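Q: Starting from the known structure of chain A, arrange chain B on it as the hints suggest.
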Amino acid sequence: MTWLFKHRFLILRRLSQIGMIFLYFAANVWGWKILQGNLGSSLLFETLPLSDPFAVVQMSAAGALLGLDLLIGAGIITLFYALIGGRAFCSWVCPVNMITDAANGLRRLLRINEVEYRYVLSRHLRYWILALSIVLSAIFGVAAFEFVSPIGILNRGLIFGIGFGGAVIAGVFLFDLFGAKNGFCGHLCPLGGFYSLIGRFSLIRVKHNQEKCTVCMKCTEICPEKPVLHMIGKRSEFVTMGECSNCARCIEVCESDALHFDIRFLNQKKSASL
Amino acid sequence: MAKDKLPPLNERRRFLLQTLQGIGLATLGALTWSAYIDEASAASLVLRPPAALKEEDFLSHCIRCGLCVEACPFDTLKLARAGDNIPIGTPYFRAREIPCHMCKDIPCVPVCPSGALDESFVSTITKNGDKELDITLAAMGIAVIDADQCIAFWGIQCDACYRACPLINEAIVIDASRNDRTGKHAFMAPRVIGDVCTGCGMCEKACVTDKASIFVLPLAVAKGRAGSNYIKGWDAQDENRLKDQKGGGETTLTPKSSQKPIDYLNSEEF
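So the protein sequences, as listed, match chains A and B.
Read the first sequence against full-length UniProt numbering and you will find it ends at 274, with the numbers running on by one and no gaps.
Read the second sequence against full-length UniProt numbering and you will find it ends at 270, with the numbers running on by one and no gaps.
The following block holds chain A by itself, in its conformation from the complex (with noise of 0.2 Å):
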């Protein structure tokens, strides 16, 4: 029970996505019709469109003239994202993230993490590689990075048949577990990157308090993008960064119960009074 309880967030953060695609590859298969099509455009119980706006933004780019349904699926989804909490795309929907996540986890059991190679990977690097995804797509007048997006191939895959696109799910496997920690998600991907942007003022957020804190940095060890979590030790505050994709793993290892989540600005006079 207390395992349970421990991974609370986990079991349902996997539970939301393989739901998503189970939802998904059963409008394909069985022709439910709940949710259909894929993350990049679908149709809620056949009315209400949902559309990733990183894929409308480089399509705009790309100068095509798009249809409504999918300005209104991707305005749904923005500010769905900008209101709920930053990256939540990247850990409760995103199916890449099991992936990387399996690769980190087989990091610390073979401790890869121990005897890592100094890799200078910026954490910046998402947003160059952002900012190329929309030039080269208004210079090729075609989505970049959808071309190459192995979210897109994996999430098309479990839906229809992963074909050789499984070759490319391995590489990122390998790439986290072998090439750098958290390299995929924490590092190159825009889509994580452009959703950071969004939801830089997003309002559920963790929050620190540090009354209660310990300094035992179960939470900075466990957290795939450790810059957010600044203050642990320091300050009682919101995790303000957008990288935070609201996995809420700290949350889950700290024991002294010194986080929590939180909704921002609802409860800032509160925080500040303190």
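One or more hints might be untrue.
To be verified - Restricting the straight-line Cα-Cα distance to at most 30 Å, the calculated cross-link-like pairs of lysine-lysine (BS3-like) are:
1) A:Lys33 to B:Lys104
2) B:Lys223 to B:Lys78
3) A:Lys33 to B:Lys131
4) A:Lys207 to A:Lys6
5) B:Lys104 to B:Lys131
6) A:Lys181 to A:Lys207
7) B:Lys78 to A:Lys33
8) B:Lys232 to B:Lys256
9) B:Lys260 to B:Lys243
What the hints assert, rightly or not - Here are a few chain A residues that face chain B, going by a calculated C-beta distance under 10 Å:
10) Gly40
11) Val56
12) Ala143
13) Ser149
As the list claims (entries may be wrong) - Now the stretches of chain A that chain B is said to cover, found in silico as 3 or more residues with beta-carbon under 8 Å:
14) 130 to 136
15) 155 to 165
Hints in this document: simulated from the structure, not taken from any laboratory.
Everything numeric in this text was worked out from a predicted model, so none of it was measured.
Ideal placement from N, C-alpha and C gives every residue a C-beta, glycine not left out.
A: Using the frame of chain A, we list chain B on its own:
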């Protein structure tokens, strides 16, 4: 060692070097990436769903969501997977495997959220002013016959493609001619009417030869272009083009053209 004497990098130099490094790496990445995109988006021998935009526009509009694939009741449409040599994630079909069945309600087109499949390409306006879907307007490609391998051209009786065509006797017709080799048989050769053929591929699927002797090619590949300078004089509508024409009408002068036609008739040998 001389190296020991090098002073530490000052801040400005470090900044400049880092900037250059960033630019260099970004250029390298952009070149590799663009080479891949260029290669991947150049595949033109691919059949798209009905009402698809021109290949170039289609690629920029398609968000690769697969809604058309799911809507297709015959499993005709597939999403390109890595390694298929088709721009990844885009819908396509292979006529020899599963052709387009030309559904009357065209379920694959209205579901497209991005406009990559444009309903107006396959709609007509009825007398009441309503829009009505009409799959016969589709232009997915055009069937092309290899007359060398088509056994009907050999004189062997076969009309599999003709019978399979959803627009029988409209998109494919049979040209009968005398078979001089036997003296008592007819060649019954199929012929594709380009303006009518939708490129559904039912003929390619039905073809009895080992590798189909009638196959669908994308319009951009299969069609020629006469150019606007040729006018069908026997077609009043086509001749109207002459009226709007600006410029032109210049006479090309060569040494020959200085002679009058009458001189030519009188002096040249026949």
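Q: Give a verdict on every hint.
A: These are the hints, each one checked on the structure:
1. A:Lys33 to B:Lys104: holds, 22 Å
2. B:Lys223 to B:Lys78: holds, 25 Å
3. A:Lys33 to B:Lys131: Since the Cα atoms of A:Lys33 and B:Lys131 sit roughly 26 Å apart, the hinted pair holds (cutoff 30 Å).
4. A:Lys207 to A:Lys6: Satisfied, since the Cα-Cα distance of roughly 18 Å is no more than 30 Å.
5. B:Lys104 to B:Lys131: Holds, at roughly 14 Å.
6. A:Lys181 to A:Lys207: holds, 25 Å
7. B:Lys78 to A:Lys33: holds, 19 Å
8. B:Lys232 to B:Lys256: Holds, at roughly 27 Å.
9. B:Lys260 to B:Lys243: Roughly 28 Å separates the two Cα atoms, so the pair holds.
10. Gly40: Holds: closest Cβ of chain B sits about 4 Å from A:Gly40, inside 10 Å.
11. Val56: Holds, about 7 Å.
12. Ala143: Where the cut-off is 10 Å and the nearest Cβ of chain B is about 7 Å from A:Ala143, the hint holds.
13. Ser149: holds, 9 Å
14. 130 to 136: Three-residue rule met by the stretch 130 to 136 of chain A, so holds; n is 3.
15. 155 to 165: holds (count 9)
When each numbered hint is compared with the structure, no violation occurs for any of them.
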